[in-house]
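As given, the protein sequences belong to chains S and D, one line each in that order.
Start counting the first sequence at 152; every next residue gets the next number (my numbering).
Start counting the second sequence at 833; every next residue gets the next number (my numbering).
Hint data in this document are derived by calculation from the structure and do not stem from the laboratory.
One thing to keep in mind: the hints can contain errors.
What the hints assert, rightly or not - Estimated spans, in silico, between C-beta atoms of each pair:
#1 Ala1047/D <-> Leu363/S: 35 to 43 Å
#2 Thr551/S <-> Lys998/D: 37 to 45 Å
#3 Asp480/S <-> Lys923/D: 39 to 47 Å
#4 Lys1006/D <-> Leu311/S: 43 to 51 Å
#5 Cys489/S <-> Ala1065/D: 42 to 50 Å
#6 Ser922/D <-> Ala514/S: 36 to 44 Å
#7 Lys547/S <-> Lys954/D: 25 to 33 Å
#8 Met243/S <-> Gly1069/D: 29 to 37 Å
Unchecked claim - Computed cross-link-like contacts, DSS-like style, restricted to lysine-lysine with a CA-CA straight-line distance of at most 25 Å:
#9 Lys944/D <-> Lys1057/D
#10 Lys384/S <-> Lys941/D
#11 Lys998/D <-> Lys904/D
#12 Lys998/D <-> Lys416/S
#13 Lys547/S <-> Lys991/D
#14 Lys990/D <-> Lys448/S
#15 Lys923/D <-> Lys905/D
#16 Lys416/S <-> Lys941/D
#17 Lys448/S <-> Lys923/D
#18 Lys1067/D <-> Lys954/D
#19 Lys991/D <-> Lys384/S
#20 Lys905/D <-> Lys998/D
#21 Lys953/D <-> Lys941/D
#22 Lys895/D <-> Lys493/S
#23 Lys904/D <-> Lys416/S
#24 Lys941/D <-> Lys293/S
#25 Lys991/D <-> Lys976/D
#26 Lys493/S <-> Lys1067/D
#27 Lys1067/D <-> Lys904/D
#28 Lys954/D <-> Lys1006/D
#29 Lys1067/D <-> Lys547/S
#30 Lys895/D <-> Lys905/D
#31 Lys944/D <-> Lys923/D
As the list claims (entries may be wrong) - If the Cβ cut is set under 8 Å, some of the chain S residues that face chain D in the computed set are:
#32 Thr290
#33 Tyr428
#34 Asn459
#35 Pro461
#36 Thr495
#37 Asp499
#38 Arg502
#39 Asn503
#40 Thr504
By construction, the Cβ of each residue, glycine as well, lies at the ideal position given by its N, Cα and C atoms.
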Amino acid sequence: MDLLNTETLLYLTSNLFRIYVTMRFLNMFFNKSTSNKRIGAIAFSLYFVINSVLFLYFSSPYLNLFSNIILLFSLTYIYKAKLVSRMLSTIMIFAINLFCEDIAYRVLLAVHSKNIITIGMVASSLLMFFIVLLCENLTNLKDHTNVSAISWTLTFVIPLISAFTSIIILNNDSNHLWAAAGAVGLLLINVCVFYLFDAVIRSYREQYEIALLKQQNIAYTNQFNMMQQADNKIRMLRHDLQNHFIAVQSIAAKGDFDQVLDYLKSMQEFIQVPEQYVDTANVVVDGILNLKIGEAKKCEIQVETAVNIPSEVGISQFDMNIILGNLLDNAIRGASQCNDKKITIQIDFDRNTLYIAVRNTYAEKLRTKHGEILTSKKDSDQHGLGLSIVERVAAKYNGTLHIEYDDMTFLVDMLLYLP
Amino acid sequence: MFRIAICDDELEVCSQIQEIIFDYSQESHENIEIQTFCSGEELWFSMTEGLHFDLIFLDIELKLLNGINIGKKIREELGDEMVQIVYISSKQGYAMALFETRPLHFLVKPIKPEQIIQVVKKSIELNATMSQLFEFRVGNSYQKIPQREIIYFESIGKKIHIVTTKGTLEFYGKLSEVCDSVPDNEFLLVHQSYLINYCYISEYQYEQLTLSNGASLPISQAYRKAVRERLLARKRGG
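Same shape as in the complex, but just chain S (with noise of 0.2 Å):
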């Protein structure tokens, strides 16, 4: 009795758990966002409940085939796909589950274990788990997307050491039950740990954005106060106009134009807000450029900029704001780091296209890892990140990064399709 009672809650947390891997991989099929919650969580917990009762109260193996695709198949509804993705979602995963399956089994005859089929269960979801936390960080990489050293880490260590210990635990029949617990506590700590870190994940993406939010409103901030300044010593200068005009008549009329010139020239100082590199009227391109030239400037980088934009442009002050803001701050790095700073900007709007690039000079010798460009140590994750991120804002508007260096410069430049 003591040991049916065992082998069921052992069954039934491993099958949990392995329900909890199949909702990953769907995860990781289709698109997320186009699965209903409530429906999911009705059709999982139903897929659990038939499931359990099939393998408990039927002891046939062809049944226990039949349903599990059968279930597996339907639950791909709750996503909306093509009939094709489904079916091949449905192959793929059964064909891991048994492959994780055979190994674990496999493993266990060759020690010689006792329990076979309960530790089994176990260790073959916990395989399983390794398996699809190995597709997920493979599939971030192909969307360029950072998989950190630690994501890696915890993909390999946390599930495959879960597993190992769940095997002697399992193995060692002095109290079944407490085994039992044991072994179920090992799932439910990589549950937790694998939540906990897709949090972590997600509040670093939240700070990123607040971030380019306080950004970009610093950008606009400084805008403002640009054109403010601008708007006064208009004003000024209005006030004053009447009487410019009487100083520079009775000095023309003395005859010294040299002096006439003089004055002329303090006035159109005077006009001039030296902190306005930019100004092409579109409000969000001239607010994220002067903010980066002005920082440029303050590292004693040369600017030259080549802007022709309309005042209104079909992408997002956010879109602008990231891609204009990455990349100048990987230019600003570059340039900075050598003897000759100069920084290029070339924005072109042409028949409902973008064309954005910016070139810099650089020194460091860039090294190549996995095809992203690193420049130093620590900016390595930085400027990778930076591009990785611009890389997928430009998507949006089917856009792609084009990177090309020589020995002096470095470009990044791409083309925008407006909507």
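Using the hints provided, position chain D relative to the given structure of chain S.
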């Protein structure tokens, strides 16, 4: 003979630009003819009377008929996509309407001589390629049409249809052969059956193009990335 028109209500600007271009034509031995206009109406009147230009420097802030309107009229009423327009302005900041006339460039006063020379050089280059003739065989004879008149080539069955500003012509041939005989940087292959003249494209989208005559042509999926790369390379090369 490369014909340039300068239209600005400020006489000094007209003569400044004229001088710069004249000096350049002497140095480079290019055959350039320059005409200046003090108002938009004068320029428009000459053009409607049949006077043709290859490059027009157009002041945006003219008094009556301003630069934007003339640009629009040239593209829409005269249907002339070949003439290059360079807008001159005393300030930066342009409305979308200006971009819709597909100008070559924008210059802000005070204008530097290098800017004028660069623009003239580029314009002459573009014009030279477009003046070349496209030859094709119809029956036993060879016919030639200037490339500047070709809007696009379409391959239908065993024939190629040439849609031009003056009508449509047909001849037996393969689009791949046509691709080889026209310059790479003037015609764009967007589909197995469509080869389009860059100058007649009025709007780019990732999945399709809109031509200046209003027609929309699809960019087939296989060609989308390649088209984007070509456009990118074109922009990069300035």
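* Taking only the CA atoms, is the gap from Lys990/D to Lys448/S under or equal to 25 Å? -> Answer violated: Lys990/D to Lys448/S is near 61 Å, above 25 Å.
* Quick one, are Lys895/D and Lys493/S close enough, alpha carbons at most 25 Å? -> violated (40 Å)
* Within a Cα-Cα threshold of 25 Å, do Lys991/D and Lys976/D meet the stated pairing? -> Distance ~17 Å between Lys991/D and Lys976/D Cα, so the pair holds.
* Return the status of the interface hint for Arg502/S: holds when the least beta-carbon distance to chain D is below 8 Å, violated otherwise. => Result: holds, 5 Å to nearest chain D Cβ.
* Compare the distance between the alpha carbons of Lys384/S and Lys941/D with 25 Å, and conclude whether the hinted pair is satisfied. => holds (21 Å)
* Does Lys547/S lie within 25 Å of Lys1067/D when you go C-alpha to C-alpha? -> holds (20 Å)
* **Satisfaction of hint between Lys923/D and Lys944/D, Cα-Cα up to 25 Å** => Cα-Cα ~15 Å, so holds.
* If you draw a straight line from the CA of Lys1067/D to the CA of Lys904/D, is it 25 Å or shorter? -> holds (24 Å)
* Within a Cα-Cα threshold of 25 Å, do Lys493/S and Lys1067/D meet the stated pairing? -> The given pair, whose Cα atoms are some 21 Å apart, holds under the 25 Å limit.
* Compare the distance between the alpha carbons of Lys953/D and Lys941/D with 25 Å, and conclude whether the hinted pair is satisfied. => holds (20 Å)
* At a threshold of 8 Å, is the proposed contact between Pro461/S and chain D supported by beta-carbon distances? -> Where the cut-off is 8 Å and the nearest Cβ of chain D is about 4 Å from Pro461/S, the hint holds.
* Asked: Holds or violated: are the alpha carbons of Lys416/S and Lys941/D at most 25 Å from each other?
  -> It holds: about 17 Å lies between the C-alpha atoms, which stays within 25 Å.
Of the numbered hints listed earlier, those contradicted by the structure are 3, 4, 5, 8, 9, 12, 13, 14, 19, 22, 23, 24, 28, 32, 33, 36.
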